[in-house]
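Chemist: Chains as they are written, first to last, in the numbering used here: chain A, 107 to 354; chain B, 75 to 401.
Just so you know, not all the hints are guaranteed correct.
To be verified - Cβ-Cβ distance ranges computed for the label pairs, FRET-style: (1) A:311 - B:335: 48 to 58 Å; (2) B:292 - A:223: 38 to 48 Å; (3) A:281 - B:345: 27 to 37 Å.
Hints were generated in silico from the structure; no laboratory data involved.
The beta carbon of each residue, even a glycine, is placed where N, CA and C say it ideally should be.
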Amino acid sequence: MLSIKDLKASIEDGTQILKGINLEVKAGEVHAIMGPNGSGKSTLSKVIAGHPAYHVDGGSVTLDGKDLLQMEINERANSGLFISTQYPTEIPGVNNVEFLKMALNSKRAFLGQPEIGEAEFKKLIDEKMELLEMDDRYRDRGVNEGYSGGEKKRNEILQMAILDPKVSLLDETDSGLDIDALRIVAGGINHIMGPDKAVILVTHYQRLLDYIKPNFVHVLRHGKIILSGGPELALELEEKGYDWIEEK
Amino acid sequence: MDAISRIKQIGMPRRNNELWTFFPVAKIPMPEFPETCNDTADYSDEEDFAALLPIAFNAQTMKQDIADGANEMAMLKCNNDFGHTVLNIGKNATASLEILDNKVAHEICAERFDIHVQENATVHIFFANPADGVPLRFRHFRIVQEAGSKVYFSEIERGTGIKRTSLDAFLKGNGARLEIRSLNVLDGDDSVHHRITIRHEAPETESVQFARNLLNGKSNASYDGSVVAGANCSKVFSSQLVNTILLSEGSSVSVKPVLKIYHDDVECTHGNTCGELDAEQLFYLTSRGIPVEKARELLTQAFAKELFMPMPDSPAKERLEQVVASL
Numbered sequence: 107m108l109s110i111k112d113l114k115a116s117i118e119d120g121t122q123i124l125k126g127i128n129l130e131v132k133a134g135e136v137h138a139i140m141g142p143n144g145s146g147k148s149t150l151s152k153v154i155a156g157h158p159a160y161h162v163d164g165g166s167v168t169l170d171g172k173d174l175l176q177m178e179i180n181e182r183a184n185s186g187l188f189i190s191t192q193y194p195t196e197i198p199g200v201n202n203v204e205f206l207k208m209a210l211n212s213k214r215a216f217l218g219q220p221e222i223g224e225a226e227f228k229k230l231i232d233e234k235m236e237l238l239e240m241d242d243r244y245r246d247r248g249v250n251e252g253y254s255g256g257e258k259k260r261n262e263i264l265q266m267a268i269l270d271p272k273v274s275l276l277d278e279t280d281s282g283l284d285i286d287a288l289r290i291v292a293g294g295i296n297h298i299m300g301p302d303k304a305v306i307l308v309t310h311y312q313r314l315l316d317y318i319k320p321n322f323v324h325v326l327r328h329g330k331i332i333l334s335g336g337p338e339l340a341l342e343l344e345e346k347g348y349d350w351i352e353e354k
Numbered sequence: 075m076d077a078i079s080r081i082k083q084i085g086m087p088r089r090n091n092e093l094w095t096f097f098p099v100a101k102i103p104m105p106e107f108p109e110t111c112n113d114t115a116d117y118s119d120e121e122d123f124a125a126l127l128p129i130a131f132n133a134q135t136m137k138q139d140i141a142d143g144a145n146e147m148a149m150l151k152c153n154n155d156f157g158h159t160v161l162n163i164g165k166n167a168t169a170s171l172e173i174l175d176n177k178v179a180h181e182i183c184a185e186r187f188d189i190h191v192q193e194n195a196t197v198h199i200f201f202a203n204p205a206d207g208v209p210l211r212f213r214h215f216r217i218v219q220e221a222g223s224k225v226y227f228s229e230i231e232r233g234t235g236i237k238r239t240s241l242d243a244f245l246k247g248n249g250a251r252l253e254i255r256s257l258n259v260l261d262g263d264d265s266v267h268h269r270i271t272i273r274h275e276a277p278e279t280e281s282v283q284f285a286r287n288l289l290n291g292k293s294n295a296s297y298d299g300s301v302v303a304g305a306n307c308s309k310v311f312s313s314q315l316v317n318t319i320l321l322s323e324g325s326s327v328s329v330k331p332v333l334k335i336y337h338d339d340v341e342c343t344h345g346n347t348c349g350e351l352d353a354e355q356l357f358y359l360t361s362r363g364i365p366v367e368k369a370r371e372l373l374t375q376a377f378a379k380e381l382f383m384p385m386p387d388s389p390a391k392e393r394l395e396q397v398v399a400s401l
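If we strip away everything but chain A, and leave its shape as in the complex, we get:
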């Protein structure tokens, strides 16, 4: 489904952050990427999404065989990629619900489908907001405008639920969430996840993985995946930290 091969990327001053990432994600799989601060986890999702602050130095990223790196940012999203960044951007003046509808209709136009009708969209958003236990405040405000950290993360998952992507790359979705919110958001992700979809979770903590069971756990350090394993690896990292990997 998502295939990342020898991906290298740098920032404007030439500093290389990603130094050859390899990752194969198949439909139905949940992958967790863990790693110390500054290892390149956030950069990975932004590079795959096409953030203009990063330059791809080499390698490839394909989604269902299509070269994502050759696509515009919106085309990547409409092809089925969803990324949630660590700090979702606030956009005052752009209504949250109108934005969601526009995003969904952009995807439908890309796929050659007609615009969604008012009633159908209302039903869809009501259903997803109920799933994530979101109240009406989310409807009237600007995108992420004045939201707490946890509210922003919940709003990200709402977008994911509406856009129904093939692959979701969620960067520290658990940060800023209290215990109840974590349970609700994780429940939402599990609900959206299906056999034809995949999720990549970037996280520092095991606690998210108590709710969303990963098939694979990877350790990213110095811009490379240095170790991969099963769910037990996350427990081992929680216990021992990261240094033992390099010592090994």
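Please arrange chain B on chain A, whose structure you already have, making use of the hints.
Modeler: What follows is chain B alone, placed relative to chain A:
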């Protein structure tokens, strides 16, 4: 001293005159005044050429009184190149006044509005649909506010030509409040200039100046805003904020805030920001599948919409928001 004599005394606008610092003064044609000035009032204190121009050209004066406690909505339109409107808004009255452009103006168009707002009256003065193709338009306001009055002055400027809005406000009564909101959406060689002076002449008076510019092509905007807080005026509040998004390399903006404060117990602020569309916001929208051109449109519209959001619900706000939605 009549208006013609006063213009002759102060001379044509020049860039070294503080009121005209940013204006392309060379574009102002040398006026050929009538032999006599019908309005014989004394204009010897008037400093602004644009305020004198309609009077010097014997503009037809439209006078209107809005009675105490009345609730009026009106459209004001000048049918000649020069216009003069005198309004007296009665105590506790509410008025909503939309100024329409003269769409058949010739080389130059100049209007003057003298507005006296009595105690506790509330007035919305706004213009949102400027005419295209008027080469040069001056619009001058002289607003006097009594105690407890509120004036919401709102405008949207766009379209071709050179436009200048000048405003002299006198907050004479305790608790008077003036809010000015200006949105300039310019492209090509459009050029829009503001020269605002607000005089706080009583305690607890408040003024808000909020301007936003969306500048494309080789367009140019300027905002020259002065606030004077008088010696006996405690608890004055004034704020001035100008935000500009430059959508092209060739566009430009000039901002000049001036604060003259003669009392210690006041709160006066000013700020100015200038930049491009926020790259992170653009990325966020496009990362959700929205095409980049549509995303730019959304962001510019949001920037414009925010300007009028804090206004109280009113026909003026509705009209301004309608125009913003169509930008």
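Chemist: Quick check: does the Cβ-Cβ distance between residue 311 of chain A and residue 335 of chain B fall within 48 to 58 Å?
Modeler: This hint holds: roughly 53 Å between Cβ atoms.
Chemist: Starting from the range 27 to 37 Å, see whether the pair residue 281 of chain A and residue 345 of chain B falls in it by beta-carbon distance.
Modeler: Between residue 281 of chain A and residue 345 of chain B, where Cβ atoms are some 32 Å apart, the hint holds.
Chemist: Is the hinted range of 38 to 48 Å satisfied by the C-beta distance from residue 292 of chain B to residue 223 of chain A?
Modeler: Roughly 43 Å apart at Cβ, these two residues keep to the hinted range, so it holds.
Every hint, counting from the list given before, is met by this structure.
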